[in-house]
Amino acid sequence: MQPLARYEKQTLFRPIGMAGQKKLANSRVCIVGSGALGSNIANLLARAGFGSLLLIDNDRVELSNLQRQMLFDETDIGKSKAQCAAAKLSLINSEISIEAFNERLSHDNFADLVKGCDLLLDATDNFATRFMINDQALKLNLPWIYSGVTASSGQSMFIQPFNTACLRCLIPDDEMVDNFPGVHNSGIIGSIVTIIASISVSMAMRFLVEKHIERDVLCFDAWELSCHRIPMERTPGCPGCRA
Amino acid sequence: MKIKVEFVGAINTGPYQKEQDFELKDKTSIRSFLETLHFDRSHLSYIQVVKNGTRSAHTETLKNGDKLELMLMVGGG
Numbered sequence: 001m002q003p004l005a006r007y008e009k010q011t012l013f014r015p016i017g018m019a020g021q022k023k024l025a026n027s028r029v030c031i032v033g034s035g036a037l038g039s040n041i042a043n044l045l046a047r048a049g050f051g052s053l054l055l056i057d058n059d060r061v062e063l064s065n066l067q068r069q070m071l072f073d074e075t076d077i078g079k080s081k082a083q084c085a086a087a088k089l090s091l092i093n094s095e096i097s098i099e100a101f102n103e104r105l106s107h108d109n110f111a112d113l114v115k116g117c118d119l120l121l122d123a124t125d126n127f128a129t130r131f132m133i134n135d136q137a138l139k140l141n142l143p144w145i146y147s148g149v150t151a152s153s154g155q156s157m158f159i160q161p162f163n164t165a166c167l168r169c170l171i172p173d174d175e176m177v178d179n180f181p182g183v184h185n186s187g188i189i190g191s192i193v194t195i196i197a198s199i200s201v202s203m204a205m206r207f208l209v210e211k212h213i214e215r216d217v218l219c220f221d222a223w224e225l226s227c228h229r230i231p232m233e234r235t236p237g238c239p240g241c242r243a
Numbered sequence: 244m245k246i247k248v249e250f251v252g253a254i255n256t257g258p259y260q261k262e263q264d265f266e267l268k269d270k271t272s273i274r275s276f277l278e279t280l281h282f283d284r285s286h287l288s289y290i291q292v293v294k295n296g297t298r299s300a301h302t303e304t305l306k307n308g309d310k311l312e313l314m315l316m317v318g319g320g
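Keeping their order, the protein sequence lines are chains A and B.
Here the working numbering is used: the first residue of the first sequence is 1, the next is one more, and so on.
Here the working numbering is used: the first residue of the second sequence is 244, the next is one more, and so on.
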């Protein structure tokens with residue numbers, strides 16, 4: 001297979017071109033979570049030729065996941081999401097490196113697992129893990145992209161430590177609440193997952209190709225078909241990034 | 244004083260319209276206003292407030308004619 005033929009249409013897109021494609025090929029990106037957002041994000045990144053992907057998830061595929069978790073089918077039920085996703089992605093693009101870790105990302109293993117990564121994409125399903133990512137990313141000066149979806153709405157936000165607002169600039173009081181709206185109690189439609197995954201992947205591509213940093217939180221609703229851009233500044237006295 | 248509020252995205256509008264006017268006492272803070280709404284108190288930290296196009300701290304005071312957008316940070320993935 002001719003490697004460049006694969007990306008012919010993407011390199012025709014002038015902001016990427018051959019030079020940008022090379023930057024993507026040389027990049028190493030970690031995707032935390034291989035569920036709805038994670039499988040959609042990983043699918044786009046693999047097809048776009050991000051050279052090295054790291055998938056982290058300790059969950060297993062269930063029947064109710066198939067409505068929105070695009071890399072899985074009925075034969076995958078009961079299997080590791082990260083490993084299943086990696087196997088599917090390697091069939092889509094055998095020319096990139098894909099590593100799968102069937103474990104939960106934590107303060108203890110974060111630095112080891114994400115070593116060498118240029119960017120982390122959050123595709124987790126809870127804020128406790130996101131606050132952990134935020135704090136560890138600040139320690140390692142690792143840029144990351146927050147993505148979240150619930151019901152028909154979703155948000156995406158680029159976070160570059162000590163430059164953009166961090167997650168604790170937005171949510172300084174990280175009290176965890178049991179009945180917070182989520183997929184478990186508010187449901188979700190598949191289209192919002194695809195939209196938010198696509199926005200986050202665009203942010204990732206533009207950052208790696210052009211070093212562009214998106215400073216707004218992008219909010220979409222896939223039912224009302226509405227979108228909002230909310231400008232985010234660092235919060236003075238933030239307990240995370242200490243702006 | 245009167246303010247205009249838009250509930251953005253996944254946030255529960257409760258008994259209100261997606262866009263709704265509210266009559267408030269002068270010098271009401273954003274936090275005090277949020278506490279009068281239907282939200283679970285423990286969720287308030289996760290609500291981003293945009294006042295007249297700029298994200299605003301919950302401690303800020305409202306004035307007549309302010310336009311607020313309320314957006315809940317969503318956690319699913």
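Hints may be right or wrong, so weigh each one.
Said to hold, decoys possible - Ranges between beta-carbon positions, derived for each pair:
(1) A:190 <-> B:275: 36 to 42 Å
(2) B:297 <-> A:106: 35 to 41 Å
(3) A:109 <-> B:244: 25 to 31 Å
(4) A:67 <-> B:262: 20 to 26 Å
(5) A:15 <-> B:308: 37 to 43 Å
(6) B:304 <-> A:139: 33 to 39 Å
Hints are computed from structural coordinates only; laboratory data are not their basis.
Beta carbons: idealized from backbone N, C-alpha and C, even for Gly.
Cβ separation of residue 190 of chain A and residue 275 of chain B, checked against the hinted range 36 to 42 Å: holds, 39 Å
If I claimed the Cβ atoms of residue 304 of chain B and residue 139 of chain A lie 33 to 39 Å apart, would that claim hold in this structure? holds, 36 Å
Is 20 to 26 Å a correct range for the gap between the Cβ atoms of residue 67 of chain A and residue 262 of chain B? violated, 31 Å
Do residue 15 of chain A and residue 308 of chain B keep their Cβ atoms within the hinted range of 37 to 43 Å? Hint holds: Cβ distance 41 Å, inside 37 to 43 Å.
Could you check the hint for me, namely that residue 109 of chain A and residue 244 of chain B are 25 to 31 Å apart, CB to CB? violated, 52 Å
Check the following: the C-beta atoms of residue 297 of chain B and residue 106 of chain A are separated by a distance inside 35 to 41 Å. holds, 36 Å
Hints 3, 4 from the earlier list are contradicted by this structure; the remaining hints agree with it.
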